[in-house]
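Numbering (this note's numbering), first residue to last: 91 to 370.
Accuracy of the hints is not assured; some may be wrong.
As the list claims (entries may be wrong) - DSBU-like mimics (lysine-lysine), calculated; alpha carbons at most 30 Å apart, straight line: (1) Lys-344 x Lys-255; (2) Lys-263 x Lys-214; (3) Lys-360 x Lys-344; (4) Lys-221 x Lys-360; (5) Lys-221 x Lys-272; (6) Lys-221 x Lys-263; (7) Lys-202 x Lys-360; (8) Lys-214 x Lys-333.
What the hints assert, rightly or not - Restraint ranges, calculated between C-beta atoms of paired labels, are given here: (9) Lys-255 x Ser-292: 56 to 66 Å; (10) Ala-267 x Pro-224: 13 to 23 Å; (11) Arg-326 x Ser-292: 51 to 61 Å; (12) Lys-255 x Pro-227: 38 to 48 Å; (13) Glu-232 x Asn-210: 41 to 51 Å; (14) Gly-198 x Lys-263: 21 to 31 Å; (15) His-207 x Gly-331: 25 to 35 Å; (16) Gly-316 x Thr-368: 25 to 35 Å; (17) Asp-230 x Glu-363: 15 to 25 Å; (18) Gln-194 x Ser-313: 20 to 30 Å.
Just so you know, the hints here were simulated from the structure itself, not pulled from any lab data.
Ideal placement from N, C-alpha and C gives every residue a C-beta, glycine not left out.
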Amino acid sequence: MLLRKSLPQALAAAVLALPLACGSPGAASGDPADSPAGANNANANANAKNADGAGEAKKTAENETTAAETNAQNPPAAEAAAPPPEPTEPAPEPITEAEGKELQKKCGPLQKAMMRHKGNDPSKILEETLKKPPKMPAADLERCTELLTRSIKLYLAAAIEVEAKLTLTRLVKGMVAAYQDKRALCPGTEKPVPADLARLKSEPYESTAADWDTPAFKCLGFSMEGQNQRFQYEVRTDPGGKKFTVIARGFPHKNGPVVEIAQVGSITEKGIEVAPPTKR
């Protein structure tokens, strides 16, 4: 299929490849109580006190009942629960050869419609196109939407992974240069940059000079100070000084799992040999 060279066309072409108690008062005793009148008065006083005590007890019980009802109606607020972690989506499956042919055969009308829209984000271009889709069988439209969505996700992830591969190349070159100069490999990093991988989950990380002010990165002559990085970088050197590994970790797929890209270098009689990058 021939595609014009505008940005949205190039993006569209690219996707083809891819949580109370109450106390009782004490009773008083005295001589007046020995007489009948005194006894009567004492009894009257006792009855009055008992009545008063009963009234107080009743009021207390009523107050406790009211308080219990109020608490039942207005239970104390529970502590704020921590927000649940964002769900991790699996990375999209690569487009197979058969699916690529299916895209070319069925999805031409949808791809042409995408080319009429402007923008840099192919996901948004597809979204806008589907608001007023071209005339095509409903089954084909559904299938092509699924294939193109996967292709776009793969394309965007691959574009993000370019950063990791280019940076790993820089780290390897720094290690080779250090070995040629000192006949020894640079030490491994004490900690990766950024130290917390979760900081890359939702946005790029902008490092500072302090991040790279370590023996390992100084030896490598490497820094990304002030640059937006989407990957965490780490260098490991074998204790025997004959092998090293440069590692990049990140989230190229939105809401997806961690992707790790690594390259291994080994000292041989011919110098340093570096294997191609591997991804997992």
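Consistency of the hints with the structure:
Under the criterion of a C-alpha separation no larger than 30 Å, the hint pairing Lys-344 with Lys-255 is consistent with the structure, at around 19 Å. Taking the CA atoms of Lys-263 and Lys-214, the gap is near 38 Å; set against the 30 Å cutoff, the hint is violated. Simply put, Lys-360 and Lys-344 have alpha-carbon atoms about 42 Å apart, too far for the 30 Å limit, and the pair is violated. Of the supplied pair hints, the one linking Lys-221 and Lys-360 is violated, its CA atoms being roughly 60 Å apart against a limit of 30 Å.
For the hint linking Lys-221 to Lys-272, the alpha-carbon distance of about 62 Å lies beyond 30 Å, and the restraint is violated. Proposed proximity of Lys-221 and Lys-263 is contradicted: the alpha carbons are some 49 Å apart, above 30 Å. Proposed proximity of Lys-202 and Lys-360 is contradicted: the alpha carbons are some 53 Å apart, above 30 Å. The suggested pairing of Lys-214 with Lys-333 is violated, with an alpha-carbon distance near 45 Å, which exceeds 30 Å.
About 22 Å separates the C-beta atoms of Lys-255 and Ser-292, a value inconsistent with the hinted range of 56 to 66 Å. Look at Ala-267 against Pro-224: about 55 Å separates their beta carbons, and that is not inside 13 to 23 Å. As the Cβ distance of Arg-326 to Ser-292 is approximately 27 Å, the hint placing it in 51 to 61 Å is violated. Between Lys-255 and Pro-227, the C-beta spacing of about 40 Å keeps the proposed range 38 to 48 Å intact.
The supplied range of 41 to 51 Å is broken by Glu-232 and Asn-210, whose beta-carbon atoms lie about 26 Å from each other. Look at Gly-198 against Lys-263: about 44 Å separates their beta carbons, and that is not inside 21 to 31 Å. At about 55 Å, the beta-carbon gap between His-207 and Gly-331 misses the expected band of 25 to 35 Å. The hinted range of 25 to 35 Å is satisfied by Gly-316 and Thr-368, whose Cβ atoms lie roughly 30 Å apart.
In this structure, Asp-230 and Glu-363 break the distance hint of 15 to 25 Å, their C-beta atoms being roughly 50 Å apart. A beta carbon spacing of about 45 Å between Gln-194 and Ser-313 contradicts the range 20 to 30 Å that was offered as a hint.
The structure shown violates the earlier hints numbered 2, 3, 4, 5, 6, 7, 8, 9, 10, 11, 13, 14, 15, 17, 18.
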